[in-house]
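Sequence order for the protein chains is E and X.
Using the working numbering, the first residue of the first sequence is number 6, and each one after it goes up by one.
Using the working numbering, the first residue of the second sequence is number 19, and each one after it goes up by one.
Calculated from the structure, these hints are not laboratory results.
None of these values were measured; they are calculated from a predicted model.
Every residue gets a Cβ at the ideal spot worked out from N, C-alpha and C, and that includes glycine.
Careful, some of the hints might be misleading.
To be verified - What follows is a list of derived Cβ distance ranges for each label pair:
#1 Ala39(E) to Ala80(X): 17 to 23 Å
#2 Ala84(X) to Ile27(E): 21 to 27 Å
#3 Arg91(E) to Gly110(X): 38 to 44 Å
#4 Leu132(X) to Leu86(E): 36 to 42 Å
#5 Ala31(X) to Ala8(E): 25 to 31 Å
What the hints assert, rightly or not - One-sided and incomplete, this derived list gives chain X residues near chain E with beta-carbon spacing under 7 Å:
#6 Asn67
#7 Leu70
#8 Ala71
#9 Trp72
#10 Ile116
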Amino acid sequence: MSARTETWTWLAQRASAAVLAICVVVHLAMMIGAVRGGLSAADILGRTRGSAAWALFYGLFVVAVSIHAPLGLRTIASEWLGWRGRGADAACAMIALSLLALGLLAVGAVTL
Amino acid sequence: MTMVDWRNRGHPAYWAFLVHRVSGLALALFLPLHFIALAQALNGVDALNTFLAWTRAPWVTASEIAIVLALGAHLTGGLRLLLVEFFGWSRGVQQALIAVAAGIALACALLFALNVNAQPVADPGRPLLRL
Numbered sequence: 006m007s008a009r010t011e012t013w014t015w016l017a018q019r020a021s022a023a024v025l026a027i028c029v030v031v032h033l034a035m036m037i038g039a040v041r042g043g044l045s046a047a048d049i050l051g052r053t054r055g056s057a058a059w060a061l062f063y064g065l066f067v068v069a070v071s072i073h074a075p076l077g078l079r080t081i082a083s084e085w086l087g088w089r090g091r092g093a094d095a096a097c098a099m100i101a102l103s104l105l106a107l108g109l110l111a112v113g114a115v116t117l
Numbered sequence: 019m020t021m022v023d024w025r026n027r028g029h030p031a032y033w034a035f036l037v038h039r040v041s042g043l044a045l046a047l048f049l050p051l052h053f054i055a056l057a058q059a060l061n062g063v064d065a066l067n068t069f070l071a072w073t074r075a076p077w078v079t080a081s082e083i084a085i086v087l088a089l090g091a092h093l094t095g096g097l098r099l100l101l102v103e104f105f106g107w108s109r110g111v112q113q114a115l116i117a118v119a120a121g122i123a124l125a126c127a128l129l130f131a132l133n134v135n136a137q138p139v140a141d142p143g144r145p146l147l148r149l
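Starting from the given sequences, assemble the full structure and let the hints guide the process.
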């Protein structure tokens with residue numbers, strides 16, 4: 006990967022981290038409150054179904070994590086396993102697309 | 019392993035790095051399972067409730083608390099890294115930042131553990147003591 010692409014992946018990792026920081030704070034606060042006394046499907050879906058705000062919020066959360074997590078795994082593969090190059094980049098892209106597809110499916114399942 | 023390597027491992031920043039990496043790895047492995055679990059809602063409310071009932075097993079609850087700890091640790095460790103990289107908060111405050119990050123992560127996990135184990139609010143119409 007060229008130095009320019011490496012710079013862009015570094016920036017993408019940090020920019021997605023900044024977005025995730027806000028998403029995770031909201032998610033943690035909501036989750037800690039929501040689990041009190043037990044969770045039910047009615048509780049979860051009652052809050053999220055039909056809500057454009059939650060759909061947008063969790064959609065953004067999924068996009069950011071689909072960028073951040075595969076880039077982190079790529080760094081771990083490079084530094085701990087010595088796996089780098091095209092194969093590692095292709096695996097990173099596959100993980101990103103899989104996470105994005107699964108994540109958006111989950112967001113759709115609880116908000117639509 | 020050289021003496022320098024061992025000395026680096028004694029530094030709090032090394033442990034902060036290791037916690038950030040291991041927590042990130044755990045979260046990356048957990049994410050697909052989390053998404054698949056939520057997608058159960060596509061099969062109806064009952065399917066999601068069946069899954070939620072399974073999560074009440076003690077070992078699942080313990081795993082949830084561990085993943086919340088990992089999320090808190092990765093969040094606060096990541097914020098620390100952003101402060102170091104973009105605002106140059108690297109001199110003198112490193113150990114304090116690491117301690118604050120660890121404290122907030124532990125507080126998140128403890129709050130989650132307390133709430134997830136809290137009993138449902140009693141039905142006001144139900145007698146408190148059944149004889």
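Outcome of the hint check:
Checked against the hint of 17 to 23 Å, the pair alanine 39(E) and alanine 80(X) passes, with Cβ atoms roughly 19 Å apart. Between alanine 84(X) and isoleucine 27(E), the C-beta spacing of about 24 Å keeps the proposed range 21 to 27 Å intact. Distance hint check for arginine 91(E) and glycine 110(X): the Cβ-Cβ separation is about 43 Å, which falls inside the suggested range of 38 to 44 Å. Range check, leucine 132(X) to leucine 86(E): Cβ separation about 39 Å, and the 36 to 42 Å hint holds.
Between alanine 31(X) and alanine 8(E), the C-beta spacing of about 27 Å keeps the proposed range 25 to 31 Å intact. The beta carbon of asparagine 67(X) is positioned within 7 Å of a beta carbon in chain E (closest approach about 5 Å), and the interface hint is therefore held. Because the beta carbon of leucine 70(X) sits about 5 Å from the nearest beta carbon in chain E, less than 7 Å, this interface hint is met. Annotation: alanine 71(X) was flagged as interfacial toward chain E, and the flag is violated, the nearest CB pair being 9 Å apart, outside 7 Å.
The beta carbon of tryptophan 72(X) is not positioned within 7 Å of any beta carbon in chain E (closest approach about 12 Å), and the interface hint is therefore violated. For isoleucine 116(X), the shortest C-beta to C-beta distance to chain E is roughly 17 Å, which exceeds 7 Å, and the interface hint is violated.
In terms of the numbered hints stated before, the structure departs from hints 8, 9 and 10, listed from lowest to highest.
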